[in-house]
Amino acid sequence: SQQGEEDPQALSIQEGENATMNCSYKTSINNLQWYRQNSGRGLVHLILIRSNEREKHSGRLRVTLDTSKKSSSLLITASRAADTASYFCATDAKRSGAGSYQLTFGKGTKLSVIP
Amino acid sequence: DAEITQSPRHKITETGRQVTLACHQTWNHNNMFWYRQDLGHGLRLIHYSYGVHDTNKGEVSDGYSVSRSNTEDLPLTLESAASSQTSVYFCASRDTDTQYFGPGTRLTVL
Chain A
1 SQQGEEDPQA LSIQEGENAT MNCSYKTSIN NLQWYRQNSG RGLVHLILIR
51 SNEREKHSGR LRVTLDTSKK SSSLLITASR AADTASYFCA TDAKRSGAGS
101 YQLTFGKGTK LSVIP
Chain B
1 DAEITQSPRH KITETGRQVT LACHQTWNHN NMFWYRQDLG HGLRLIHYSY
51 GVHDTNKGEV SDGYSVSRSN TEDLPLTLES AASSQTSVYF CASRDTDTQY
101 FGPGTRLTVL
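Sequence order for the protein chains is A and B.
Numbering of the first sequence is given in my numbering, commencing with residue 1 and proceeding in unit increments.
Numbering of the second sequence is given in my numbering, commencing with residue 1 and proceeding in unit increments.
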């Protein structure tokens, strides 16, 4: 079952603009991660934010986490055509025993950056 | 450099045949996972392993099996391929937090 749900499903912007993608989830988490998938490729880890963190930056990426609302956002600033990809949030839910290291992925946001 | 590889990258098979997809990682990670990716469903977990001789069922395990005889490999077997198993399959391994994905295998069952 999907834990994270991304919004919007698809996003089209001009190069240079900022892109914001949102993720909502249902249960308590240890951390939330964002991954990128270029067409025909595997997923690549972008950034991780822990449940006790509210904001994190990595280059042009900014991630926020609001555990009270069970939501996260990924901001890509000054987008480039090379940022065109699908972006997935993945939640690392708090659990014990079997399944302790499972990530649950959302369905993704498809970002198109138009040159 | 450490990496995770999958083979074959593309496979066409017939209904009822047994198919094995290979996954090999050189990170020496204990945790390994198999997912399938379908339009409208995102990634769904098939099986996972936390170490040698350990295997566990995921969300969509029916019709699939895995075995873990060493740290590096987690082959995925479709016992009797069905058209509903046409999909893109991804293997992943994990250190403490981050998962590293293979390039995927596109499987078509005719």
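Because the hints were derived from the structure by calculation, they are not lab data.
There could be a bad hint or two in this list.
[As the list claims (entries may be wrong)] Derived EDC-like pairs: lysine to aspartate or glutamate, alpha-carbon spacing no greater than 16 angstroms straight-line: (1) A:K107 <-> B:D38; (2) A:K26 <-> A:D7; (3) A:K107 <-> B:E59.
For each hint, the structure was consulted:
{"no.": "1", "hint": "A:K107 <-> B:D38", "in the structure": "9 angstroms, holds"}
{"no.": "2", "hint": "A:K26 <-> A:D7", "in the structure": "15 angstroms, holds"}
{"no.": "3", "hint": "A:K107 <-> B:E59", "in the structure": "15 angstroms, holds"}
Violated hints: none; the structure is consistent with every hint.
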